[in-house]
Structures are given as C-alpha cells and as structure tokens.
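There are 4 protein chains.
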Amino acid sequence: MRSIIPDYLTEVLDAVRPDASGEPAGYIPELAAADPERLGAAFAMVDGEVYGAGDVDTEFTIQSISKPFAYALALADRGFAPVLAKVGVEPSGEAFNEISLESDTGRPRNPMINAGAITVHSLAGPAGLNATERVERVVDGLSAFAGRRLRTDDAVYASEMAHAHRNLAIAHMLRSHDILVEDARAVVDGYTRQCSVLVSTRDLAMMAATLANRGVNPLSGEQVVPEPVVRQVLSVMFSCGMYDAAGDWGTQVGIPAKSGVAGGLIGALPGHVGMATFSPRLDNHGNSVRGVSLFERFSSDMGLHVMEVPATARAALRTNHVVGSGPEALRVLELQGGIGFAGAERVIREAVDTSYPETRIALDLTRVHSIDDVARRMLLEIVRRLTLDGHEVYLVDPESIMPDPDPGDGGRVTVVDSLDGASGPACSG
Amino acid sequence: MRSIIPDYLTEVLDAVRPDASGEPAGYIPELAAADPERLGAAFAMVDGEVYGAGDVDTEFTIQSISKPFAYALALADRGFAPVLAKVGVEPSGEAFNEISLESDTGRPRNPMINAGAITVHSLAGPAGLNATERVERVVDGLSAFAGRRLRTDDAVYASEMAHAHRNLAIAHMLRSHDILVEDARAVVDGYTRQCSVLVSTRDLAMMAATLANRGVNPLSGEQVVPEPVVRQVLSVMFSCGMYDAAGDWGTQVGIPAKSGVAGGLIGALPGHVGMATFSPRLDNHGNSVRGVSLFERFSSDMGLHVMEVPATARAALRTNHVVGSGPEALRVLELQGGIGFAGAERVIREAVDTSYPETRIALDLTRVHSIDDVARRMLLEIVRRLTLDGHEVYLVDPESIMPDPDPGDGGRVTVVDSLDGASGPACSG
Amino acid sequence: MRSIIPDYLTEVLDAVRPDASGEPAGYIPELAAADPERLGAAFAMVDGEVYGAGDVDTEFTIQSISKPFAYALALADRGFAPVLAKVGVEPSGEAFNEISLESDTGRPRNPMINAGAITVHSLAGPAGLNATERVERVVDGLSAFAGRRLRTDDAVYASEMAHAHRNLAIAHMLRSHDILVEDARAVVDGYTRQCSVLVSTRDLAMMAATLANRGVNPLSGEQVVPEPVVRQVLSVMFSCGMYDAAGDWGTQVGIPAKSGVAGGLIGALPGHVGMATFSPRLDNHGNSVRGVSLFERFSSDMGLHVMEVPATARAALRTNHVVGSGPEALRVLELQGGIGFAGAERVIREAVDTSYPETRIALDLTRVHSIDDVARRMLLEIVRRLTLDGHEVYLVDPESIMPDPDPGDGGRVTVVDSLDGASGPACSG
Amino acid sequence: MRSIIPDYLTEVLDAVRPDASGEPAGYIPELAAADPERLGAAFAMVDGEVYGAGDVDTEFTIQSISKPFAYALALADRGFAPVLAKVGVEPSGEAFNEISLESDTGRPRNPMINAGAITVHSLAGPAGLNATERVERVVDGLSAFAGRRLRTDDAVYASEMAHAHRNLAIAHMLRSHDILVEDARAVVDGYTRQCSVLVSTRDLAMMAATLANRGVNPLSGEQVVPEPVVRQVLSVMFSCGMYDAAGDWGTQVGIPAKSGVAGGLIGALPGHVGMATFSPRLDNHGNSVRGVSLFERFSSDMGLHVMEVPATARAALRTNHVVGSGPEALRVLELQGGIGFAGAERVIREAVDTSYPETRIALDLTRVHSIDDVARRMLLEIVRRLTLDGHEVYLVDPESIMPDPDPGDGGRVTVVDSLDGASGPACSG
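Residue numbers (our numbering), protein chains in the order written: chain W, 3 to 431; chain U, 3 to 431; chain L, 3 to 431; chain X, 3 to 431.
Be aware that one or more of the hints could be misleading.
[Stated by the list, open to error] Selected chain W positions facing chain U (in silico; Cβ < 7 Å):
{"#": "1", "residue": "Val-218"}
{"#": "2", "residue": "Leu-221"}
{"#": "3", "residue": "Gly-223"}
{"#": "4", "residue": "Gly-252"}
{"#": "5", "residue": "Pro-272"}
{"#": "6", "residue": "Glu-310"}
{"#": "7", "residue": "Gln-338"}
{"#": "8", "residue": "His-371"}
{"#": "9", "residue": "Arg-379"}
[Unchecked claim] Pairwise CB distance ranges (calculated):
{"#": "10", "chain 1": "L", "residue 1": "Glu-135", "chain 2": "X", "residue 2": "Ser-295", "range": "34 to 44 Å"}
{"#": "11", "chain 1": "X", "residue 1": "Ser-222", "chain 2": "W", "residue 2": "Ala-129", "range": "56 to 66 Å"}
{"#": "12", "chain 1": "X", "residue 1": "Asp-408", "chain 2": "L", "residue 2": "Glu-135", "range": "24 to 34 Å"}
{"#": "13", "chain 1": "L", "residue 1": "Pro-31", "chain 2": "W", "residue 2": "Asp-285", "range": "35 to 45 Å"}
{"#": "14", "chain 1": "L", "residue 1": "Asp-156", "chain 2": "W", "residue 2": "Asp-21", "range": "54 to 64 Å"}
{"#": "15", "chain 1": "W", "residue 1": "Asp-285", "chain 2": "U", "residue 2": "Gly-410", "range": "31 to 41 Å"}
{"#": "16", "chain 1": "U", "residue 1": "Ala-87", "chain 2": "W", "residue 2": "Pro-8", "range": "36 to 46 Å"}
[Stated by the list, open to error] Not the full set, but computed from the structure, chain W residues with beta-carbon under 7 Å of chain X:
{"#": "17", "residue": "Met-175"}
{"#": "18", "residue": "Arg-177"}
{"#": "19", "residue": "Arg-187"}
{"#": "20", "residue": "Ser-357"}
Worth flagging that the hints you see were computed from the coordinates, not collected in a lab. Using N, Cα and C, we set each Cβ at its ideal position, and we do this for glycine too.
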C-alpha cells in the first residue's frame, strides 16, 4: 500500500515513454550503445524516504551531473574566495562545451560549463593533492552525497579520454590564463574520471536530496558540505544548470537542476525533495528529452517551483497516536503547519504505507494553517485508500482548511470540528 | 515602540551612507541633478505593514523598475503565449541597453533589457489600444501594484525622449523583425512615459510586496495579476533582473530584484516581503551602489535567499487573546508554524507596536515547529522591549523550540511548558 | 568588326545564363518584380571606350554600389581625417546590414556596410548642407562618375523608406553615439534617395572606369575626385566590398568590387578597366549570382587580379601610321611597353574596329617588352580577323616576343624582323 | 657610389630611430632579452639586387613571418582544394592568437592567425610525412625562399614550447573538429620549430622578393612555388596579414605584408620589390612600432601601393651601350616603358653603381611612356651624382616626358631630342 507516489511516478513515466525523439550521446561508443528505452524516475525526501519507478537501479555514468557536486566540494574544501577567483557564476547562455572565458581574466563564466567544471575539478580537495589523490577526494565526496560507495567506469573513462580533444583544448586555454596552474592533460584526466562515476537514478535522487536538505545526507546524516555552499550551488544550478535553455527551465520548471549526457537529470527543491530521472535520448541542448518532460510534469503537477511559496515538509506530521482502546480506538495523525507535496508525502507514509490495526483513523488538521492543491489531492487519496482498506476515516478540520473534502471513487470521510466529534454525529463528505 | 525593524533599517542605512562611490545617471539633466545623498529603505510585508527609514517618501522616476511590472501586465492582459513569442526569458549577460536580439527571430532575449521592455510595453493592455490608451493601461497597472494612484513626471519624460536615440534604434530594429508591429517611435514614446512614472521608496516596497504576495496588493486586496504571472515575473527577475551582474546577485543576495537608473532598487521574496531602497549613485552596471550594499545586508542579516528554506509568514500569529482578568490577566500571543523573519515581524507588530494594558504577556510557541536564527533574535528583542516597558513576559515552549532564550540587556523571560505555567513557578531565562 | 570583346562578353553571358539559382531581392515590391532574366555586362576602358553585351542599357537602382562613390565624395569634400574619425576601414566579416559598430566609439567598421554608408552619406558635400542639398551633391557626384546626368527612381525610394526599419535603427544607434549629429530619419531619407539613383550597366562600367583611371572620368576628362581618394576607395572595396565573402573574392577574383541588391556588380582594375554586370538574382550574401560568375571568368580569362603584375594600357599603341603609298601602302600599328588585356584592347580598336583601306597591315612589336597570354590570344584573333577581311598581315617581332604566332582558323600572318621585312620574304605562321 | 637607395634607407631609419615606444615581446625570456635598439631595413629587387641599412645581418627568429611562406608551401605541396578545405581566407578582424574558427566547421578563418598557421604547418609537404620530416620540408622551403640554408634556434624553440599553452589549446580544438588529424602536440611542436627559424633582415627581404617575383627566387632563379600560389598568398597577406589593423594597413600602406613578434616585418609589391625591416619593440597589435612607420614611409615616399598603377621594373633598361669612341665616346643607357621606383633602381645600378670610363653619358628616354615622381627624383639624383663624378650628362627626351629636369645641387644635364643632339648645342637644365 506504499504506492501513491510510486503510482504517480509510474503514471508519468508511462505518459512520456512514447516520446522516442532525440538520440543518445554518440561521441563515444560506450554512450552510443546505451539502451535508449531505459526510463526511470525517483524522489528522495529530505528524511531519506525514496520513491521510484522504472529503471531506478540501472547504473550509468554521472557525467555533467557531477559538476554541481564537485563545485560544492571545491567550495567546501577551499572556501568561497579562491574558487570564485577562478570560476564565475554568470550564466553564459551557451552550450556546455563552449569555452566561455571572460575576455580579460580567462575565468570561466560558471562551473556548469566544461571550462568551469574542469577548473573546479582542479580545486577539489586541499591544495597540494596529486592527480590521483584528487580523483579519490572527488569520488569520496560524490559517494558521501549519494550515501553509498560509488566507483568509476574505466571503459567509459578510457573512451572519453581518447575523444577529449575539446576538453584538452579548454584545459590548455585555462593553463594559458593561469586559471589552471598544473599540467592541463592531468586535470582533464581527473575530470574525465569524475564524469565516469557510475550512479543509479536512485543514487542521483539521494544526491539531490542532500542538496535539498541543506547539505545533510538524509540517510547517513552526514553534513557533506556546509549550508552556505548548498545555497551557492543551488543558485548556480538555477541560473546555469540547463545551459542555453536556462531561462525556459527557470520559468517553466523552476527547480535547480542539472543534466548529464548519459541521460540523467536531477533537481533539488530546497527543504522538500531531491528528484532524478534517467532516459538516454537527448535533445539538441544535450538534455534528456523525457527527463525534461518529466520535470515539467513534476513542477506543474506538484507546484514545485522555487518562486512559489511552498509549505515545508518539516514536521508536517506532529503526532501519530491512538486515543481510546478496543473497538473505539482511534488512530490520530496530527498534522501541523503548511502542507504541500512534501508534507503530504510524510502523511502518506504514516497513514497509508503502514497497516494500522485500528478501524477508526483521524487526520487532525487543527494545527494546519494552509494546504496546497496537490497536498489536498494526496490527502483525499489517502482517505480513499484507507476507506477501501476498511477504515472509517475522520477529518478534524475546525477551520474548514480543506476545501471540498470529497475523496471520490469509493472513498468516504467524516469531517468533524474536533477529535471529540470522531465519536458523535457529523457531516460526511 | 513600533521601531524594531525601523531601527534595523536606520542602522543599515547609516552603515552604507558613507559610501559616496558611483555617480547619478547623467544622460539627462533631470537625473544628473538628483541629490546624490538621498537614501531610503522600506519593507512592505505581505499583509500590508510597511517599515521605512530615511527618504522613503521622496518621489523619483521608476525607470527600469517598471519593467517587471509591465511584463506582469502584458502576461496578464495577453496571456503567456503571445508574450513569449515576442520576448524570451534567457539571461543575456549583457548591459541593459544592449540590443541582444536572437539572431534568427529578432526576439529580445528577455524583458529586463530595453529591447524586451520596449516590446513588452507594446503588449500591455488588450490588442487594439492606441498609444495613449496603452500608457493609461500601464500607469493604471503600476498604480494597482502600488496601491495608490501614480502619475508621470512630464519633464523627465520630455528630456528622455530628446535623448532616446538608442531606444529608437532598438525599436526600429524590433520593427524590422516584426516584433513590433506598429510605429516604432510611438512605442518608444509610451515606454518612456512608463519609465517616467513617479514613485517613492514606500511605493516600490508595496509594489514588490504585491509580487511577494502572489499578485495580491496587500493594502487593497486586489489580485493585480494572476499567480502564474507572478511566478514567471519573479523567475525572470531572478535570472535577468540585475543585468550582467545577475549571477553574482543570484548567489550572494538570492532575491529576485530590479534596479532603475534613478536610484531605486526592489526585491521580492515570495511569501515574505517586498523591499525597496533608494540612493541615486550608480555603479558601472547601472545599479544603485548603496542599494546593492543594502540588499546584501538584508540577505545576510535575515537569511532572505530563495535557495534557503524560509519559513513563511502566513498566519504566524494564530491568536491574540487575553486569558483571565484583573491583575492576573494574561495577554497570549499564540504563534504557529515555522517562524522566520516575516513571521517574527508579524509578532512584533502585535506584541510590541501595540501597547497592551495587561502586565503579563505570553508568547505561546506550542504550535511552532521551527524558528530560524533571525526570528529567534527578533523574538528575544521583543521580549527585551516588553520587559523594559514593564511587562512580565512568558515564553510557552513545551518542546524547547527556542534555543538559548536569553533576551539580554535588561530583558527577562520566564519559560514555561504551558499557559498554566504562566501562573506558577517556572525557570527564567 | 568592333566585336572581339563584345563577342567575348556575349560568350560569357551565354555561359552563365542557364544558372537560374538565387532570387531577386524581395524586401520591396519594386525589386521583387525585377525581371530575373535580365543579363548584361560592360567594360569601360580608361580611355572611354565601352564594350557591352546583353542588357547594358536597362536602368535599375544603384543601391549599395553607390557606397564606394559616396565614400569618395565624402573623402574629397571633407578630407580624410573627418571621414576616418567617423567610419573605419576594417573588414567586418559580416553581412551588409549588420550594425557592426566599434564597441567603444560606435564608429561603423567600414563604409561598405549600411552603418558606414549611412554615415558617409551624412558627410557628403561641405558641412552645413541641408538634407535636400546633400542629396543633390550626391546625385551630382554620382553623375560625374558616370559622365551623364543621373536621376532617382521615386517609386523605389518611397517603397524603401516604407521598409527602412533596419536602416532607421542603425541611424538612431549612430545618432546615440554622436556619429550622426543630425536628425537620424533625415539622413536615412537622403541615403535611401542615394540608393535609388537609376543606372545602366554601361553607366556602372563608366563609373568603375573613373576609379580605374585615377579618378578622371574617361569621357568627360573631369577629375571627379583626387587620386589619393581613389586609392583609399579601391583599397576598401578590395577588403570590404563583398561583405562576408571578401576573402574568397580577394583571392579568387582579386578585383576591387561592389555589388548592389538590384543585381548590379562593378569592378575596377587600377589603370586598366572598369567592369559592370547586371543580373537580379542574388546569392545568400546578397551578391548577384551570375555577376559573381562573370567576374570569376573575367579574372581567370584575362589575368585581371591586383596581385598579379599587369602590364598597363597606357599608350600600348605608340603610333598608327601609313608607310608608303599605293598598293604598297603599309598600315603600321606600333605597339610599346608591356601588353596585357587592356593594351590589346587598344590595339583591337585601332586594328579591327576601324576599316583601313590599305591591304597590308603590320603590327610592330619592336618596342614591346612583354605580352601576356590573354593579350597574345587577342592579338592573334586580330590577325585572324584582318586576314578574313582580306588584309595581308605582318608581325614585326625582332625579339620573338610573341610565342607561337599562329592565328589559326583562317588567319595568316607573316613574321618579320623589321618593317623592312614587310616587303621582302619572311616566314609565315 | 652604390648608395642612393642605401642613403634613403639610412635616412628613414634615422627618422624613426627616436621612437622608443612599444616593448619587445615578453612572453619568453629569449625574446624579452632582445636588444630593443636594433634597427634595420632592406630592399631586395626582383632581379636579386639587395639594398640595406642598419642591422640587416643580425639574425632573429622568423616567428609569424613564416606563416605566408608555409602557406605557400602547403598550397604548392597539396594543391588549393585540400588547403582551402581546412583553412579559410576571410579576415578575422581579431588578434593573432584568437581562436577564430568558423562555428560550423571549425575551419580557422585564415592562415595568418595562429589557428590557421598551425593547420597550415600540418599541410606542408606531401601527406604522410612524419613530424620530423615535415619540419625539414618547411625549413627547406623557407631556405629556398631566402636563397640560403636557414636553421632553427633551439633555445627559442624550447622556451616557446614551454609556454605554448594557448597554441596547444588551439591545436586540440582543431583536433576536435578533425581539422588536425594527427597528434595535436606534435603539430604544435613542429609549428614552434618553424617559428624559430633564424633569419636576417636581408633574408626576409629576399623571401619577400621571391613573392614579388612570381615565386622565383631572384638569386637562385628557382621557382620556389607556382605563380597562382603567390597570387593567393599575396591576397591573403593583403587582407589578413596585419591582424586587426588590416584595414588601416591596406589603405595607408597598401603593401601585402606580414609581421613577427621578434620584430621583423616584410612587404612584397608584386613585380617590384621585397622589403623587410627589423626593430623589436611592438605595438599593441604585436607589430613592430618602427617597422610600421618605415613601411608608411616606403609607401608614401615611393608610391608603392597595390591600388596605384605602378610602372613595372621589367626591362626598364633596354640597352646599355657605347656610341662612338675616343673622347667623343657616349655611354647610352636606353630606358623603356613606364618608369617607377623599381625601374629607376635598375637604372641607378647601371648608371651610378658602375664606374664608366666614358666622360659623356646619355639617358635615353625615347622609349619611355611614363615616369612617376619618385622615379623622376631618382633619375635626377643619378644625373647629379654623375655630374659630380665628372661626367657630362645628356637626357634624350624628345617628348619631354621628364618634367622639370633640374638635378640641383651641383648637378647639370643637357636635354636633347635625340642622340644626335648629344653632340650639338642643347638647352641645359
């Protein structure tokens, strides 16, 4: 019965699956050979719960999705000033592999284009690391974001190095401006290894959730990078993460995001959720075609947009206790604050995914001050499923904060003003 | 006693006042003659309360700050598709007066550069308006955002038209691409009138608050533009509002913002607050020097950054009632939800700015699930001032959600587990 | 019998005629309605002789071909310094209607792009002319180049003004940089009139010949502009005249040239010849498709390339006199110097186009020090035609400067060491 | 007495010597350490005569002056099509080290910028050469242009390779576009060796003279590259040789030219002369400051501009013979054709640089059809010097082609109508 969100994810995967437009990245055989039909999506909540549908455990190379995480590591390891001195934060409005250096200083425009990402790789870890140690630092850091030990795909690494002409060009150009101060080829080698780290969609969702959770990995509880670093990374993802489509993304989707040429795509909504999708066919910006469609659905279906006023997930569920005993026992789920997608998700887990022995269940909205549309629909779906499972469901809503409380399709709910009403007569929706 | 926030604003104004760098805009005599020492700042909360310090009632021309509002009007009046067909949403990374048209279509890159703003002006109001009617529509719309009737400065308008060579160039270029479909000069004339609307810092704060309040003017309650329009406008302000410094602004300040050459600067934090500053000296990006410094302070002092997880202001104060009577009467301010700057501000108004006859006052945090650092400091300052005013203050905090409740410097508070404790013995902080 | 060069021109016109690729300029109805099959070519020698084939007397608007001539007038009327201060001489590598202003000064990159040409128009005539007087100055000047009174096409002018959005944009931009210092629209109006001057292919060839002839109109003998001006104009035509195809043109054709959207194309080879073609279909650079092909033929067939070492036409024919009388009378055409295309053309006129009563004709090469391949072929064709006309032809060539003197196909020549040999026995080719 | 032209060169060197502006190239120690006061100039006539003044035998590295010669070699070795497929001919209007690749194909804009020159190096010699063989081919080719065996400076080569970051960047970028199809570093290595070839100013003048002489080295008589290759190379030098100052150079100087960062500068005037200067201080375009000034003098003093109509040097001197014997013996120098600088130079050599026993010397202008101003002044200086050497000088000028024949300052000449007049009474100038 843990399936409301997985059902939703399955539904949207099915909706985008017929779109076979785009092509997998073709510049190396290893990527060109990817199965183009692979499709997966996962949500990782800031408390560590993960929902997935489709191919969420298939591994693929992280590619450019490593960029925001490596940027976070560099900021954490070196501090803001040294990193900002070498890599800007301005959107370039250009494709990922444009050189885009500032004309006077040679500073890459931002850390999401290759020039910036190569420079960022060279700034990961404390100064003085050799190339091998630095790759270790980066793989360790990415693993900390993911909450499990990651490893590189050596075949992809080797093939990419054999085709790394453009990145070598960029690195030598950076070397000529003293943005890189060590051997250009060695840095490209390390950066290429960084891009060849293998991840699943599930891993990516968890990495994104670590960003959404102020830098704390929801599973391990480790503060992977400090909170100001996360704010910086999310800001840069918002304005530069989708390359030359940044503006469209920022307005239509509104979720800080990053894509990779192997077909991955992540988004992080601060305080709420980390999201990831996987589908190898790319559009002409180099972003996953179906991945972009999925995120557009996520944003419009769930009101996930940084310029909206999302209610936070924090402690949406205040208490979960039983009042009374025997056949009159009433399971009370007390909600509080503003309830949005993420808050409703917490309730789902408590109310639906667990099988309660009590027949009577109450959702107590007394301490809720607002509830958005997606959360309302989710709560009503909870009610409906609980009804179908044989429960008698009460909605404690003294201030009528839940409009039109009709769960429909077999659901049934009794709206009351207080928990006391859960025993007496009440109107039913 | 309504002075905690004004005190703060006065303090930061004093901090930036010595910075006399930059120059007022000099391209027309009317702007060049502006008193460069003028300095003001205002906050307008989403419920209509306004705080100000300095020259908040001095009128000046709105200039480019009209751009996001006119964009909102065009989106509301024409719908998204016709406007997006004519003006993009991609950051240009260029100065405000760059032409920045897409090479194939001639579409301006975004509505915050002049090319986009001139096009947007032509899209305000329903199709078919003549030039005069369109100016009326825009002035009406700006007035609705401000919550009072605004008017244009005809001397500034006339002087700007006499120096509008570059805007005329842009408009003719737009006409050549059929982005404009009417007389180029007439559109520039209307746009110039739009820019010459007179506003005070207080007005600008209220206009920004309308954006922060999902498009509803906090004073009039009018839904000036629909909520999806606001989301679009804020997204574009975030990525394009500060021209070629957009990335720095987005990371360091993180507040959707817009500046004008007369020295105004606004910011809107969704769900929280509209902010405005006024200081005529401009940096080489064309942004107010002190204004930028002020916003940097606002962001860092108050944790106002869209990539953080702000607690909303919505109904932070649940109830304000009196329990008991006579000398035992207890004034109870019941808070709820997550408390951030904007929430704490609501409490200040209730707790401090009003003079209560009751000696005993309780801040009830029972329904509060989180409180951020700036809010914590504000609440403690409330406590301190209430103490100094002779009140006996209680903090009802059964879950110890307020860390280290020491108001300091003459303040005194009794922390209790429930309102009942406000009569009995308790620990004091 | 004046037909060797016309025959050549007819032959190359026939060769390019089947190429129906490209389209006439379509931005105004008057140009779109041009008969796309019109085709003409003319050569004007520096002594005023004109050869033509095809539609050489059809009038069409001069359009951008006016640019080098107006530039010449401005340089002559104002001097170099004031003009160079406002318009550069660097190739822009861009299309004709690109704005291409220097970023710091707003100076147009060169006088062949519209921005430069509009500025140049404003500099024609002495300072202080009003707009009408300036147009008169320009039309007078163009007429002086052509050697006849030219007039404007008012319908084309009016139609172009109604579509002059882009040029108005450019002019307002120039006004904003104080490159233009008068009313932008008035300058565009004058420039549009300049472009609407009606010329025939014959006129254009004569205008080009005036440039090839150090600024002296070959017909009128008027020094239209000083010689240093001509050098400047030809240099700029060479590097900027064919817009973004300048380099291909410079290497493959090597003739300073200028095209117009009505289908005209001119070239000027210093010291030799002015050339013009007319065919309205344009390639995607805006140059006449067949015109470009014709010039490629001219260059390769006749060795006309500024980076070759052409022998000059000056006084190739030293004397034309008769020795002896009666049946022994010998018409002697004494050549001198280096003989190239232009020199051979002079000889054709004297030897073939005139009908001499003398049966015996001698071409005396004693004073000739070199002869290039095209000139050799032309001289042999002269011999052949003279033979066919019944003449007995002698070639006085003591130093065997003419290799392989076989006129072929009915021609016959007797090669001798001196004029004395024209009476005695000699070898025949 | 061979000193008229050396005197001129010495004079102009003295004129530019006080200009100590600019700095030697500083990016490697070997160039930074160059003696900035070195100054030399040389002319090499198309028949092999060389004139020089100053440090004409000091060796320095050829640097970018190798570019046009390597381009010539590639065109000769591979043919036009394969080279044009890889390197364009359009001016870039950019600095020498800009990448300037065509956005679609990655083709460098022209062979004079580094991207083009690196590509050109890879195309020198037949396909299939290894890197070492290719360097040999290039050094052999440069030597053939110079007419003597050249060698590389290994210290400069090694130092440049250690600082070749930018060229490595360019080469890797070219490799990414398959413009280079072999190891990027190896090509840069070869190109760097090419740039390190040691030449003197004298060598450079001879190399330029080989271009001016249709590809035939004036000393060795070797056809180093075919004539169409020379035309191509000169055209590209004219439009692209002076980088972002190409237009100024083309109009003001008008001589196809190329500069090198070691301070060398060459120019080639087709059919006339190769010129070279050496002075290490560079302007901000990377061109020798004094070198540019010298070429401006050469152009204005001698009318050397491709857009003028220069009279060619070919056989300006028709015969040099003695008429009569004993004290009446008359040395006759018979001139012909058009006489310009280069023609007059030939006369100087015959008339002045040789010591004739005959007292009476005649310059016979009967077969001369034109004479330009610099040639006139040179001929009068010849007359003056012959007078001072005790000769009695006659000018045979039946058509008064020499205006104002006053040699001045001790010179004396008798103008006559025919050689017969050299015995009888005549007017003297």
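Here is what the structure says about each hint:
Interface restraint check for Val-218/W: the shortest CB-CB distance to chain U comes to about 12 Å, outside 7 Å, so the restraint is violated. For Leu-221/W, the interface hint is violated, the least distance from its beta-carbon to any beta-carbon of chain U being 19 Å, above 7 Å. At a threshold of 7 Å, the smallest CB-CB gap from Gly-223/W to chain U is about 18 Å, leaving the interface hint violated. For Gly-252/W, the suggested interface contact is upheld, since its CB lies about 5 Å from the closest CB of chain U, less than 7 Å.
Because the beta carbon of Pro-272/W sits about 5 Å from the nearest beta carbon in chain U, less than 7 Å, this interface hint is met. Of the supplied interface hints, the one on Glu-310/W holds, with its beta-carbon coming within about 6 Å of a beta-carbon of chain U, less than 7 Å. Using the Cβ-Cβ criterion of 7 Å, the hint placing Gln-338/W at the interface with chain U is satisfied: the shortest such distance is roughly 6 Å. Contact between His-371/W and chain U, as hinted, is supported at the beta carbon level, the nearest pair being about 4 Å apart and thus within 7 Å.
Residue-level restraint check for Arg-379/W is violated (minimum Cβ-Cβ distance to chain U is 18 Å; threshold 7 Å). Taking 34 to 44 Å as the suggested C-beta distance range, the pair Glu-135/L and Ser-295/X conforms, at roughly 41 Å. Separation of Ser-222/X from Ala-129/W is about 59 Å and conforms to the stated range, judged on CB atoms against 56 to 66 Å. Roughly 46 Å separates the CB atoms of Asp-408/X and Glu-135/L, a value that falls outside the hinted 24 to 34 Å.
The hinted range of 35 to 45 Å is satisfied by Pro-31/L and Asp-285/W, whose Cβ atoms lie roughly 41 Å apart. Take Asp-156/L and Asp-21/W: their Cβ atoms lie about 57 Å apart, and the range 54 to 64 Å holds. A hinted range of 31 to 41 Å for the beta carbons of Asp-285/W and Gly-410/U is inconsistent with their spacing of about 57 Å. Distance hint check: the CB atoms of Ala-87/U and Pro-8/W are about 38 Å apart, consistent with the given range 36 to 46 Å.
Interface hint at Met-175/W: satisfied, since its Cβ lies 4 Å from the closest Cβ of chain X, which is below the 7 Å cut-off. About 4 Å separates the beta-carbon of Arg-177/W from the nearest beta-carbon of chain X, less than 7 Å, and the hint is met. Among the interface hints, the one on Arg-187/W is violated; its C-beta lies about 9 Å from the nearest C-beta in chain X, farther than the 7 Å criterion. The restraint placing Ser-357/W at the interface with chain X is violated, with a minimum CB-CB distance near 59 Å, outside the 7 Å limit.
Violation of the numbered hints given earlier is confined to hints 1, 2, 3, 9, 12, 15, 19, 20; the remaining hints are satisfied by the structure.
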